[in-house]
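Colleague: Below are the chains, spelled out letter by letter.
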Amino acid sequence: MLDITRATIEQAAGGDIGAFEEIYKKTSGFVYNVAWRVTGKREDAEEVAQNVFVTVYKKLGDFRFEASLKTWLYRITVNLSLNYAKKAARERNATVSYDDARTHAAEDIERAVVPAQEPADFQLLEEMLQSLNPDQRACIVLRGIEGLSYREIARTLNVNINTVRTRIKRGRQVLLALKNKKAIQGVSP
Amino acid sequence: MNCKEIQDLILTDYADNEVTGAVRRQVQEHIAVCPACRTLEASVCDAALRPLQEAPKAEVPPHLWWQIKSAVQTRQERRAGVPVLERIRHLLAMPRPAFAFSTVVVLLAFGLLFVRPYFSGGTERRQLAELAIEDQIDYFAYGNGWGDNDALDVGIEEIFS
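Chains as they are written, first to last, in numbering that gives the first Met the number 0: chain A, 0 to 188; chain B, 0 to 160.
Do not rely on the hints blindly, as some may be mistaken.
Quick list of in silico lysine-lysine cross-link-like pairs, DSS-like style, CA-CA up to 27 Å [said to hold, decoys possible]:
#  : chain 1 : residue 1 : chain 2 : residue 2
1  : A       : Lys168    : A       : Lys85
2  : A       : Lys85     : B       : Lys3
3  : B       : Lys3      : A       : Lys178
4  : A       : Lys40     : B       : Lys56
5  : A       : Lys69     : B       : Lys56
6  : B       : Lys56     : A       : Lys85
7  : A       : Lys181    : B       : Lys3
8  : B       : Lys68     : A       : Lys40
9  : B       : Lys68     : A       : Lys58
10 : A       : Lys181    : B       : Lys68
11 : B       : Lys68     : A       : Lys69
12 : A       : Lys57     : A       : Lys85
13 : A       : Lys168    : B       : Lys3
14 : A       : Lys24     : A       : Lys58
15 : B       : Lys68     : A       : Lys24
16 : B       : Lys56     : A       : Lys178
17 : A       : Lys24     : B       : Lys56
18 : B       : Lys68     : A       : Lys57
19 : B       : Lys56     : A       : Lys86
20 : A       : Lys25     : A       : Lys40
21 : A       : Lys25     : B       : Lys3
22 : A       : Lys178    : A       : Lys168
23 : B       : Lys3      : A       : Lys180
24 : A       : Lys168    : B       : Lys56
Computed footprint of chain A on chain B, listed as stretches where at least three residues anywhere in the stretch have a Cβ under 8 Å from a Cβ of chain A [as the list claims (entries may be wrong)]:
#  : stretch
25 : 44–51
26 : 55–62
27 : 71–79
These aren't lab readings, by the way, just hints derived from the structure by calculation.
Please read these numbers as outputs of a predicted model, since none were measured by experiment.
By construction, the Cβ of each residue, glycine as well, lies at the ideal position given by its N, Cα and C atoms.
Taking the hints into account, I'd like the entire structure generated from these sequences.
Modeller: Right, here's the structure in full:
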């Protein structure tokens, strides 16, 4: 639960910037992290998070209290992040093939000098998530990192629960294939 | 359940605690006796679950709030600071499709009110002209007694005989 009262939401919807800041403080963590994991870049996540909160500020008056504020925020965040990620993927595909991009990205990561343990984890996770298509990535992030149930993910993405199940299954198969590829190449996963 | 069904569950519902207790027990019993499914379960945990569960969370950059606050305040000021005349002009200028639609509706109404009577009047005039021509034909044909032999009981041969 977000622990945000109805009064706070109504005050923010009425233009109270203090109430809006309270909502921001309680939700910006997951908004920023989901945006980061789905887009794959911190600078993109910043832009997406900013767009999310400006959209929330504009649309808060239309918010229906039957739905959970968190689900509503997840939906806006994931939709904006997916738009961003898909646009970026289209731009990449316009110049190089998907397989080429993946191969080069993997080689770049292997060549990179990693000074400490944490950046290596960051990079590995980054590589794992970038090996998925944006729809699979959104489901895997919402389940694996945010801990949403299949039903919550379906509601957030406005898709059927079996679609969520299929995307998670395919996504995990891709992650397993990546692990096997690394094992064959002798790179520690 | 066969291996294929068990493996589907290992990749999804079983890994994510979305199965009932009975199904969970079935999967566990199968894993205990099936090396392939046991290997898959370990791989899923290792490659697809643990890295995400242990994923570090990023701190939200402190300047993000100031960017957002600045964006929403600019929007607020823009809305509050616009004079009445300016707002009316804005209202008239903004919904272009609605403006275009209303223009089309006005033109259609104009057409129905003014143009149609003109054309329908034209039809009446045409009908009147046709009637006048018919009258003249009747006059020339029958009015002078040359046309309808039965009407005057005189045959044309009798006239010119």
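Colleague: Give a verdict on every hint.
Modeller: Against the structure, the hints come out as follows:
1. Distance restraint check for A/Lys168 and A/Lys85: the Cα-Cα separation of roughly 21 Å lies within the 27 Å cut-off, and the hinted pair is therefore satisfied.
2. The suggested pairing of A/Lys85 with B/Lys3 is violated, with an alpha-carbon distance near 32 Å, which exceeds 27 Å.
3. Using a Cα cut-off of 27 Å, the hinted pair B/Lys3 and A/Lys178 holds, with the two alpha carbons roughly 21 Å apart.
4. The suggested pairing of A/Lys40 with B/Lys56 holds, with an alpha-carbon distance near 14 Å, which does not exceed 27 Å.
5. The straight-line distance between the Cα atoms of A/Lys69 and B/Lys56 is roughly 18 Å, inside the 27 Å bound, and the hint therefore holds.
6. Our distance criterion of 27 Å between C-alpha atoms is met by B/Lys56 and A/Lys85, whose separation comes to about 23 Å.
7. For the given pair, A/Lys181 sits about 25 Å from B/Lys3 by alpha-carbon distance, which is consistent with the 27 Å threshold.
8. Of the pairs offered as hints, the one joining B/Lys68 and A/Lys40 holds, with about 23 Å between alpha carbons and a cut-off of 27 Å not exceeded.
9. Between B/Lys68 and A/Lys58, the direct Cα distance comes to roughly 16 Å. Compliance with the 27 Å bound is thereby established for this hinted pair.
10. Between A/Lys181 and B/Lys68, the direct Cα distance comes to roughly 45 Å. Violation of the 27 Å bound is thereby established for this hinted pair.
11. Between B/Lys68 and A/Lys69, the direct Cα distance comes to roughly 21 Å. Compliance with the 27 Å bound is thereby established for this hinted pair.
12. For the given pair, A/Lys57 sits about 24 Å from A/Lys85 by alpha-carbon distance, which is consistent with the 27 Å threshold.
13. Straight-line distance between C-alpha atoms of A/Lys168 and B/Lys3 comes to about 13 Å, which keeps the hinted pair within the 27 Å bound.
14. Using a Cα cut-off of 27 Å, the hinted pair A/Lys24 and A/Lys58 holds, with the two alpha carbons roughly 18 Å apart.
15. For a cut-off of 27 Å, the pair hint linking B/Lys68 to A/Lys24 stands: about 12 Å separates their Cα positions.
16. With a C-alpha separation of about 23 Å, the suggested pair B/Lys56 and A/Lys178 falls inside the 27 Å cut-off, and the hint holds.
17. Of the supplied pair hints, the one linking A/Lys24 and B/Lys56 holds, its CA atoms being roughly 15 Å apart against a limit of 27 Å.
18. Restraint check for B/Lys68 and A/Lys57: the C-alpha separation of about 13 Å stays at or below 27 Å, so the hint holds.
19. Between B/Lys56 and A/Lys86, the direct Cα distance comes to roughly 25 Å. Compliance with the 27 Å bound is thereby established for this hinted pair.
20. As the CA atoms of A/Lys25 and A/Lys40 are separated by approximately 22 Å, the hinted pair is consistent with the 27 Å bound.
21. With a C-alpha separation of about 43 Å, the suggested pair A/Lys25 and B/Lys3 falls outside the 27 Å cut-off, and the hint is violated.
22. A threshold of 27 Å between alpha carbons decides the hint, and for A/Lys178 with A/Lys168 the separation of about 15 Å falls inside it, so the pair holds.
23. Restraint check for B/Lys3 and A/Lys180: satisfied, since their Cα atoms lie roughly 23 Å apart, inside the 27 Å limit.
24. Among the hinted pairs, A/Lys168 with B/Lys56 is consistent with the structure: their alpha-carbon atoms are about 24 Å apart, no more than 27 Å.
25. Coverage of the stretch 44–51 of chain B by chain A holds [criterion: at least 3 residues with CB-CB distance below 8 Å; count 6].
26. As drawn, the stretch 55–62 of chain B meets chain A at 5 residues by the rule of a beta-carbon pair under 8 Å; at three or more, the given contact holds.
27. Evaluation of the coverage hint for the stretch 71–79 of chain B: fulfilled, as 4 residues show C-beta separations to chain A shorter than 8 Å, against a requirement of three.
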